[in-house]
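Using the hints, build the complex out of the two chains.
If you read the sequences in order, they're chains A and B.
By the working numbering, the letter at position 25 of the first sequence is numbered 25, and the numbering carries on one by one without gaps.
By the working numbering, the letter at position 110 of the second sequence is numbered 1110, and the numbering carries on one by one without gaps.
These aren't lab readings, by the way, just hints derived from the structure by calculation.
Possibly wrong hints are sitting among the right ones.
Claimed, not checked - Pair ranges (Cβ atoms, derived):
id: 1; chain 1: B; residue 1: 1295; chain 2: A; residue 2: 91; range: 55 to 65 angstroms
id: 2; chain 1: B; residue 1: 1098; chain 2: A; residue 2: 14; range: 50 to 60 angstroms
id: 3; chain 1: A; residue 1: 113; chain 2: B; residue 2: 1156; range: 25 to 35 angstroms
id: 4; chain 1: A; residue 1: 84; chain 2: B; residue 2: 1413; range: 49 to 59 angstroms
id: 5; chain 1: A; residue 1: 18; chain 2: B; residue 2: 1228; range: 29 to 39 angstroms
id: 6; chain 1: B; residue 1: 1228; chain 2: A; residue 2: 104; range: 38 to 48 angstroms
id: 7; chain 1: A; residue 1: 59; chain 2: B; residue 2: 1152; range: 15 to 25 angstroms
id: 8; chain 1: B; residue 1: 1020; chain 2: A; residue 2: 77; range: 15 to 25 angstroms
id: 9; chain 1: A; residue 1: 77; chain 2: B; residue 2: 1478; range: 34 to 44 angstroms
id: 10; chain 1: A; residue 1: 76; chain 2: B; residue 2: 1037; range: 25 to 35 angstroms
Bear in mind that the values here come from a model prediction, so they are computed numbers and not experimental data.
In this text, a Cβ means the ideal position worked out from N, Cα and C, and glycines have one as well.
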Amino acid sequence: MQALLDNYVAVLLAAVVGFTLVGTAVIVSRLVAPYSTSNQKDISYECGMLPAAEPVRSQLHFRYYLFAILFLIFDVEAVFLFPWAVTFLNVGKAAFYEMVLFIAILGAGLAYAWKKGVLQWK
Amino acid sequence: MSSELNLDYSLLTPEFCLAGLAALILALDLFVDDFRKSWLPYVAAAGLAAVLALSLGWVNKESDFAGLLSVDNYTTFFRVFFMATAAVVALVSAQFVQDKLRHPGEYYALLVLSTIGAIYMAASRELLTAYISLELLSFCLFVLVSYAKHERRSNEGGLKYMLLGAFASAILLYGISMIYGTSGSTFYADIAAAYAGDTSAFDLALLLGLVMVLAGLGFKVAAVPFHMWTPDAYEGAPLPITAYLSATSKVAGFALLLRLFSGAFMPVLDDWQWIVAALAAMTMVLGNLVALQQHNIKRLLAYSSIGQVGYMLMAIAALSAATSSALLLHMTGYVITNLAAFTCIIAWYNLTGRDEISGFRGMAERTPLLAAALTAALFSLSGMPLFAGFFTKFMLFQAVADEGFLWLTVIAVVMSFVSLYYYLLVIREIYVSKPEEGEERLPVPALISGLTVALTIGVFYVGIFPRHLLDVAEEATKLLFA
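Isolated chain B (complex conformation) (with noise of 0.2 angstroms):
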């Protein structure tokens, strides 16, 4: 490292303010005795709406704090989607926890403290930096996914992942151990530079290393075959928190994955490409096979999501400037489909307490609003053209096969037909099935539907116009292989 370190705190603002956010949402709940604690969702995401505003201040711009965290446009292209989501969360939210769960000041301060955890990830370009930062978010979900104190199934949830991620933790510590043994570096830069010369003389433990660090990050995205705990935690978590999982929690491990991967590993490519190529196809075929067999809507989407991170996977195999760009899309696709999906699933489940996929008859009559937008998610899930799936999938493919890996794309295409069928089941229940006697009309309250229409215009929206989200992917990956 060079001498002088660059220690601009200004480059840290956004984060300093969502640090400021959750402590004064934290005050709110504890000292203004007269507070509506309903106003804490808003709270929320107000202030996340505002922040995410502030960091819009630094795009175009590059630079580094001391050399462990950088802030330039892929950090900003993650400020704005993590901030986003974690804003749609706490919206979504807010029925949910009034009802459900205790102590909301606590569960909104740590949504907001897990996206500076997330964010960090994404910025962070040492090694021990990004390990602190996805303990920062992997403690805050532990806490999230246990949150429902007095049911089983959530304990349950969290204990399988609180142990599961500690021993993913441990086997990453050790990866990384290794990594600055063969290098003499934690600095994703420097690692770069010790190994684009000769490696026969640690080849072992080089390749140690990278199967323990990928087999750490595998747990955390939940790749197959590490993915036991997904299940599980979905399933047990309150409803919002299994969004945030499926969106923030992944997304945060591929932002990692693709900086550590494109900025650190790129010289010694050969040595762990084909690992990750064959997670990828692991991933991809049990994922979309085990969904079939799922009753609960939880559960079903636990299992698409890791399906999800099979293709999310084939590009950091494929790794190039194309697939890291198609990577963006495909993630912020992903992730408004899979918002717009939670949404209606959540005001459904408030409305009726119905999270079976059996409980889904006599939407259409009932709710008909959030059976189209549930219809619309769940096809561009699977990939409809017109929808976002279709086209982030169809660039994530096409880059993947451009770089030479034409029988993964193959299984991707196949995979991607599998999945239709359980959405279609889903759907079928949504349009197909009567609703039983005398079930009337359900009133949506006022915010879910503004939500849902506005989550659902941005399927269509990238699904229709995706050319305006390329360019900003490109714009934050060129970076990357500069």
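Bound conformation, chain A alone (with noise of 0.2 angstroms):
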């Protein structure tokens, strides 16, 4: 048990060294820095309109939701392909084929996809 815990003492040491040093960075900012607060200063200078509707908060369209799960699933073959490109090599013919088979099954999947509609803006 002791082993197991000393394992982790540098976490967290880092851990609290991180914390200490980013929670002073905040607090000392917030004493040292000078103030001042006036309407002029919440409207955009020289970069834009500003905006005509309100509310401001920008919405995003349900649909991207979708669209973001496909790329996800690209993204994260993405870091599966990255380790396996360093060894694969060494594995030998069995490591090609599978990858291989992996990402043709992300194909398939992306093809049934886009054959179901889903990447049609309607």
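Spelled out as structure tokens, the structure:
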């Protein structure tokens, strides 16, 4: 148990140091920096128009959600591809064909989504 | 691990075939325009039956894939078990999906894919493989529970199930990391070897790991106090999926628990035995007592299935060769019975749209066959003699008592009596309450009638000739305690 915990002392130290650094920076800048507030400071200055409609909060269309999921699949695929690219020569042929199969399955998934009309902006 | 791995892919043929079947179902749904969507359940069931027959070729063979997956009698038992269950659920879904749900292709494909996850949960002999298989099953179930997209309750049930399921997975993973940290391996056999000696150097971390693994798996099989998602998920899910949840997802959880605890944690029995016994006692008592107050048949069966999980957990607490074969026997009887009950409930719901207990009035006059089969199934669940439930419970309770857990057995017997009461409430509605004026006999589809008769025969077969099934269960669990 002791040996197990000792392994994590570095993590604990990094966490403490990290929190202290960020906390100090935020608090010190809050205390030291000069502040002045006025309405003039809130408008955009030489960078575009004033927002015309209320509320200013912009909404994303729900359909982006599906694109995001499709993107995520291929994003995660890259996470698997990089370590595979480094080692597949050592592992042999099986590793190559397994990855081809994996990509083929993902490709089939994309084709399926396409055929189902997910990529169409209706 | 030894340096040369056994990468014999042919060992996994049944699962490759299942994946192919899922792809075929999706392709049929997608590309064949004039393909009748109503055929998909029969394609799925026929495919599952074919792969089931194929997997019988591995009976009495023993091997493993890369040390990760065992292919032995235990795996073969659960291959047959899960594929048969999925085939029955596919057939029962046919009319329900056509009437009430959209996208039938994905429905049946997910059903088949989840079966692969369930099989690998039973087959895996390494913690991370077990975890991935568990996730494969869970992911399919999350989608299937919320499949009635336009029903609020289905979405609610699916969301609760997914959030709590993700939470449970995180806890399970943390537990696995503790087990790995203390034993230095994720392979069951190596963990058992590491724990066989002196464990005093890491007792606390070991206990934490065991508790978290138990909590994570407890969520998946719905043991009290980790059962909160069950009633909502059961009630919200489309009815055939409720049947599937109560059968495959529970049994797969126990298949994993049994191999894990007998294979890896046996040397540290004293650390976890009392926890599992306490969980079993709580689960039995709470599941059965809360079931008394339910007025919806789905919620009633949800709580009754929680009670059943309590009985099954007793076998893990009193883990031995005798209790594990009794557990396999009990789970088989339970699933056949539960599928029989759900087949009747789904058919009744398709005909009348009722799933409240009071909605079953007049069932005896309007659909006599379904009424008789549902009554037989409910008697079997409560453990009446002649039905499957009596003998499987008897074997299970006796095996547990032999291991010195007499107090657990006493609770289980008392709770079985309690359960008889709420099953009888349903039977009273079926047989005693008069149908309302002007309600005629209803036509039951031939397929459903046939399925009901077959499952009811199964219930009696297990109850009257349990020896055959018990022999199979003993064969299947023999290697666990070799």
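Results for each hint:
The supplied range of 55 to 65 angstroms is met by residue 1295/B and residue 91/A, whose beta-carbon atoms lie about 59 angstroms from each other. Range check, residue 1098/B to residue 14/A: about 58 angstroms between beta-carbon atoms, so the 50 to 60 angstroms window is met. Distance hint check: the CB atoms of residue 113/A and residue 1156/B are about 26 angstroms apart, consistent with the given range 25 to 35 angstroms. A C-beta distance of roughly 56 angstroms is found between residue 84/A and residue 1413/B, which places it inside the suggested range of 49 to 59 angstroms.
Look at residue 18/A against residue 1228/B: about 36 angstroms separates their beta carbons, and that is inside 29 to 39 angstroms. Checking the proposed 38 to 48 angstroms range against residue 1228/B and residue 104/A shows it holds: the Cβ atoms sit about 41 angstroms from each other. Distance hint for residue 59/A and residue 1152/B: a CB-CB separation of about 23 angstroms, consistent with the stated range 15 to 25 angstroms. A hinted range of 15 to 25 angstroms holds for the C-beta pair residue 1020/B and residue 77/A, which are about 22 angstroms apart.
One distance hint, 34 to 44 angstroms for the beta-carbon pair residue 77/A and residue 1478/B, holds here, with the actual separation near 42 angstroms. Look at residue 76/A against residue 1037/B: about 32 angstroms separates their beta carbons, and that is inside 25 to 35 angstroms.
When each numbered hint is compared with the structure, no violation occurs for any of them.
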